[in-house]
Amino acid sequence: MTDAAIVSPRLEPGPRGQKPRRKLSRRNIFLYGTLIVVAVYYLLPLYVMVVTSLKGMPEIRLGNIFAPPVEITFEPWVKAWATACTGLNCDGLSRGFWNSVQITVPSVMVSIAIASINGYALANWRFKGADVFFTILIFGAFIPYQVMLYPIVILLREMGLYGSLWGLVVVHTIFGMPILTLLFRNYFTSLPEELFKAARVDGAGFWGIFFKIMLPMSLPIFVVAIILQVTGIWNDFLFGVVYTKPDIYPMTVQLNNIVNSVQGVKEYNVNMAATILTGLVPLIVYFISGKLFVRGIAAGAVKG
Amino acid sequence: MTSVSIKDLCLNFGTVQVLKNLNIDIDEGEFLVLLGPSGCGKSTLLNCIAGLLEVSDGQIFIKGNNVTWEEPKDRGIGMVFQSYALYPQMSVEGNLAFGLKNARVPKDDIARRIANAAEVLQIEPLLKRKPAQLSGGQRQRVAIGRALVRDVDVFLFDEPLSNLDAKLRAELRVEIKRLHHRLKNTMIYVTHDQIEALTLADRIAIMRSGIIQQLASPHEIYNRPVNLYVAGFMGSPGMNFLDGEIDDSGAFTFGGMQIPLDRYPFSTADRPRQAKFGIRPEHVVCGAAADAEPFSAEADIEVVEPMGADTLVWAVLDGREFRFRVDGQSELRSGEKIRVGFDPARASVFDATTELRL
Ligand SMILES: Nc1ncnc2c1ncn2[C@@H]1O[C@H](COP(=O)(O)OP(=O)(O)OP(=O)(O)O)[C@@H](O)[C@H]1O
Ligand SMILES: [Mg+2]
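Residue numbers (this note's numbering), protein chains in the order written: chain A, 21 to 324; chain B, -6 to 351.
Certain hints may be false.
Only pairs whose alpha carbons sit at most 25 Å apart, straight line, appear in this in silico DSS-like list of lysine-lysine [what the hints assert, rightly or not]:
no.	chain 1	residue 1	chain 2	residue 2
1	B	K121	A	K232
2	A	K232	B	K66
3	B	K100	B	K121
4	B	K66	A	K148
5	A	K232	B	K94
In short, the hints are calculated from the structure, not lab data.
All figures in this text were calculated on a predicted structure; none of them were measured in a lab.
The following block holds chain B by itself, in its conformation from the complex:
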């Protein structure tokens, strides 16, 4: 069943079009992550869903009701903000109770719901404290609790973890995932952290200047990006791109080299001449194993970056920059030559002019 449905949503700030004809259907209990660079309109979309911004055109449905003109409190949503936005003069308990008091929920009911949320989020000892007396992680828990007590259908998160340090972020990320398993609410989560997106999402929507580029499962987005932008955006370090041509035999040629494409799963019948060939650093093998792959060549190692678990190698392949990932134990040195190879079946090929996947 559809939980949130956005139909032809447009939003303009004056003459600036921030969201352009946006369409998304989010299933009941789904965890959707909105991912995109800064300023692409993620927060704006979330605010539209929450009712904090008036849309210029289009409709928003939540649980089958057209809520386009509804007040935020009547939409059945709870929201968690990047800056926590806890009411500084109220205790944690007061923060949790504020929405319920506004909704005139009976006193004993409020107490019961707060106790419940505090237990889920493990903030029971903090209930009497003021927000200023909490750590960042605790504040964010309280902020989540504020959405939790309201017993809503849809949770909206606007970069809830980006003010926390890396370790805490990883912890709370797992906790949010656990919370989702437990509550099974629909969650819409904005981030520009790829790892967060990949780990949390059932589906990821990649946005760019107000347009959704691809809406698919993390696996699909990672392995079969629909266009050059998505391919370059996902993954860190990013995909290697080789400019070249698809020749008459159907192989990809660049410089003096030829990559056979007979194993590549084309998704269209188009065979434009100018194309870009993309391969992720982690899909490249090197050394003796490279020669077993359908394509292999020799590369010059420029820089080696050990990162503990694995090592990133910056090399030059036919005059172009080429990155690949090797095991953390391997002992490569800059200046050496090495055989690199990959399976074109794992690659992505794009039309150089339309930038769409082939």
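Next comes chain A alone, as it looks inside the complex:
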């Protein structure tokens, strides 16, 4: 083997070809060590939650939270979803889930539709006052939500939307606007300007260029926007509490009500199951679109 490898008479003994790398170099130990520590740090709570949610209450009372369940039961999950009591009614998280779906879907669609058009107009059609508009928008991104809570209550009441699902949709759309517009504007600015010019010479108008030229090139940034909005809106608690009524509370608010209910014993297993259920939607969104997300962030948000 050793001698057979030297075929050409021109080769001399000594280093040749690829430099061999030690697997256990100090660099690798440090790198993988850090990664493992970080991974454990994030995964341990999840592990505890999953394990606890699969135990019965007697087993939980034994107190070892890291022990795997002796007797696996899905009872807590069923209860969390269908029969747990949240203040007034006892139909579990399912009601909140559908409320959240009804809030999230239109909020995401409306906010992204408007923000993408805003970003496109700001990036490509330098209309009068565009700079002022943009500055105000960016400023809007830095105003703390709490300042605007009450004024918006009044605004929604005047519009007759207070306490309704659509009121919350409006709120989410407005609050998503600064960051989303910025995201889209930066992305569209990063696309070659000559493409836009060519389309104008070819006679395409504002909407023609948007739908036929810009949109087909913007899948990554739309994925980014969808992820940001779905997770943001799904996880929202504050607006949900403030702007809706109990029977249309989103899932997060209901989760809080289940976990913090003062009557009876604390059912840790149900609470854990409910929490995982609530977090499942953003988690799934990440898993499906993780790759596109990274690509979109790299293409739009960082560059430009």
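Once you've looked at the hints, dock chain B with the ligands against the given chain A.
Just chain B with the ligands, lined up with the frame of chain A:
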């Protein structure tokens, strides 16, 4: 007949004046090249003509119509960009058809025009491909095709060849010239490549910081530059300039030497004292032939650069750098002395203060 006419065009970006009172008249079927250094406003001028930039003042006429306020699509222009700007998600065919579809041209008409353009540009086998699957040269052909199918009066090119390698550039240059002979459209072509300008243009406009310095035929610009800037800009290697004076006898003196100017075709009656004398490296002869010229002197050879067809010699003449071109076969060596001479009739003399041609 005038095809494109630009009248007192001004363009400002904020407080920066990019184009200043620009006037050009371009004839029907003319090939005009805008040549100038980076940032002088060539692309800006082209974008103004295309309607992609709103002008600050002045007017633009195309085919006798005032199009100053018209949309790009209504101006009868087609444009080819440096970066090709092909729509990445459409096939070549889709790219060619996009403008026609927007103009609601009937389907069979679109097909006919695309077939025609594809034949002219030899891109028929590529029609179904996406731009990403094309080479640079093919992309640029498609970009030209996109202007071609729209059947426009005026073609605008913004450095269409500068993203291509040297060989391809030379090929496509000829092809554009051929296209012009065939179509006889008016073409306005931006470049900062002198060779492109000289080979393609009917007339060249030399621009510098938003002002047209000279608008004339390549021959005129090369041989009779109107000012020092144009003289120095055109030609590679550039013209040799000698600082000196015009003495009372009417000859140009520098250092201890005297160049007779009686054969020089003065274009003004002015005879300022301080002047600059310019002679192109290719108009200098050397060796025995030099003494037959009206002016000759001895120079020290510093560096010899063989370039194949000819050889460029960097020499010192009376303490000044002096370049000249000799035949590629000549065997000069650095350190040698050589006789150089030229005919002042082929030179350019400029006023040292106004920098204008005398
Ligand atoms: N949008 C803009 N805002 C402000 N200044 C601009 C803008 N676009 C161009 N300029 C300035 O206008 C001048 C002319 O630019 P232009 O693009 O026309 O140059 P150019 O002659 O085409 O150069 P190049 O050969 O590099 O393409 C430059 O100095 C540039 O900085
Ligand atoms: Mg340019």
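Do the hints match the structure? See the list:
1. B:K121 x A:K232: 18 Å, holds
2. A:K232 x B:K66: 17 Å, holds
3. B:K100 x B:K121: 17 Å, holds
4. B:K66 x A:K148: 22 Å, holds
5. A:K232 x B:K94: Distance of about 12 Å is within 25 Å: holds.
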